[in-house]
Structures are given as C-alpha cells and as structure tokens.
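J.: Sequence:
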Amino acid sequence: MLKRYLIPLSIVFASLFLMGSTPEDARAQQTRPFYSTVTSHPAGAWPLRLRGAGVPVRLHTVEGPARLAASEVGLFVARANLDAASLPIRVRWDFGDGTTATSLHASHRFSRPGTYPVVVRLSNPHGTVADTLMVIVVPPEDGRPVDSSATQAASERGR
17 MLKRYLIPLS IVFASLFLMG STPEDARAQQ TRPFYSTVTS HPAGAWPLRL
67 RGAGVPVRLH TVEGPARLAA SEVGLFVARA NLDAASLPIR VRWDFGDGTT
117 ATSLHASHRF SRPGTYPVVV RLSNPHGTVA DTLMVIVVPP EDGRPVDSSA
167 TQAASERGR
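Each residue of the sequence shown is one higher than the one before, starting from 17 at the first, in this note's numbering.
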C-alpha cells in the first residue's frame, strides 16, 4: 500500500558566475518556493517530484553600444534571472532595421547610418519583459561609402 505525504519545504539556490557575474555576486542567494510529493515504497525507493511555483523572467541589465559606425559590429547582452525563472525562456532582439536575433548575447552590424531602437524581449510561461536601447549609427570612419542596398543579418553566439 502506497502512502502519500505532502511536505512543505524551502530550498535556497545560489547562482555561481551566471552570465559574467563576479565572485561577490555568487554569494547572493534567492529563495524559490516549490511543491513536492514523496511516495513511500516498500523496496526503499523514495522518488521525489519537484514542481516550480511559476517564476516570471526578469531583466537585470541590457548592454550595448550607444554609438557605432556603419558596418561596425556591436555586441548586445541581456542578463536575466535565468537561475530562478521558469522554463522555457524565449529571447528576441529586434534591431530596428528588420533583423532579429534569439540569444542573450547577440552581435549585429547596421548597414546604414541612423538612429535605431534596439529592443530585447524575454518571455516565459509566466510573463514577458522588454527593454530598449537607442543606437546611433554614423557613417564609417574610414570614409568608405555606405552600401545602401546591403542587408545584414544578426549573428548569434551561444551562452
């Protein structure tokens, strides 16, 4: 005969060097509630199922260049609560020139001078968050003409 017990528990998770954090940041801890079911088995096996309480994704920082020369590559970085947020987490950068990327670290090359709103949007089953950086793109510094017909695709780098 199986017996079921509901046991309220609290566990503290610590993030170590997440997305470029420092050793000092690794000391910060977050409490994440969860629910568990423990089932008694006569053979001594004790399976434990954990179910997250549903944590929305949050942006901690968004970084990128404020000014670039046309055809110069810029690196854009979004940092979020990946160690606590419920999965799956979707990432989408919109560079304001018709191109997009889908990783937390994205590099992009603007082909024409102008001012571009660069929007990063993160979402998971419990919410969506977005932030915008304004990037000013100037003509190339070496005097090369800007190729107005070129379309540059955003390249992505893994974590």
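If you are wondering where the hints come from, they were derived from the structure by calculation, not from laboratory data. Glycine residues also receive a C-beta, built at the ideal position from the N, C-alpha and C atoms. One thing to keep in mind: the hints can contain errors.
As the list claims (entries may be wrong) - With beta-carbon atoms standing in for the labels, derived distance ranges:
{"#": "1", "residue 1": "GLU79", "residue 2": "ALA100", "range": "16 to 24 Å"}
{"#": "2", "residue 1": "HIS76", "residue 2": "THR118", "range": "16 to 24 Å"}
{"#": "3", "residue 1": "PRO155", "residue 2": "ARG74", "range": "13 to 21 Å"}
{"#": "4", "residue 1": "THR116", "residue 2": "ARG83", "range": "36 to 44 Å"}
{"#": "5", "residue 1": "VAL135", "residue 2": "SER102", "range": "34 to 42 Å"}
{"#": "6", "residue 1": "HIS76", "residue 2": "PRO156", "range": "27 to 35 Å"}
{"#": "7", "residue 1": "ALA100", "residue 2": "THR148", "range": "20 to 28 Å"}
{"#": "8", "residue 1": "MET150", "residue 2": "THR118", "range": "19 to 27 Å"}
{"#": "9", "residue 1": "ASP99", "residue 2": "PRO129", "range": "15 to 23 Å"}
{"#": "10", "residue 1": "PRO156", "residue 2": "ARG74", "range": "34 to 42 Å"}
J.: Take the hints in turn and mark each one as holding or not.
T.: Taking the hints in turn, this is what the structure says about them:
1. GLU79 <-> ALA100: 16 to 24 Å: 21 Å, holds
2. HIS76 <-> THR118: 16 to 24 Å: 19 Å, holds
3. PRO155 <-> ARG74: 13 to 21 Å: With a Cβ separation near 38 Å, PRO155 and ARG74 fall outside 13 to 21 Å, so the hint is violated.
4. THR116 <-> ARG83: 36 to 44 Å: At roughly 22 Å between Cβ atoms, ARG83 and THR116 fall outside 36 to 44 Å, so the hint is violated.
5. VAL135 <-> SER102: 34 to 42 Å: 22 Å, violated
6. HIS76 <-> PRO156: 27 to 35 Å: Since HIS76 and PRO156 have Cβ atoms about 33 Å apart, the given range 27 to 35 Å holds.
7. ALA100 <-> THR148: 20 to 28 Å: Taking Cβ atoms as reference, ALA100 and THR148 lie about 24 Å apart, which means the hint holds.
8. MET150 <-> THR118: 19 to 27 Å: The hint (19 to 27 Å, Cβ to Cβ) holds, given that MET150 and THR118 are roughly 21 Å apart.
9. ASP99 <-> PRO129: 15 to 23 Å: Taking Cβ atoms as reference, ASP99 and PRO129 lie about 40 Å apart, which means the hint is violated.
10. PRO156 <-> ARG74: 34 to 42 Å: Given about 37 Å between the Cβ atoms, the range holds.
Hints 3, 4, 5 and 9 from the earlier list are contradicted by this structure; the remaining hints agree with it.
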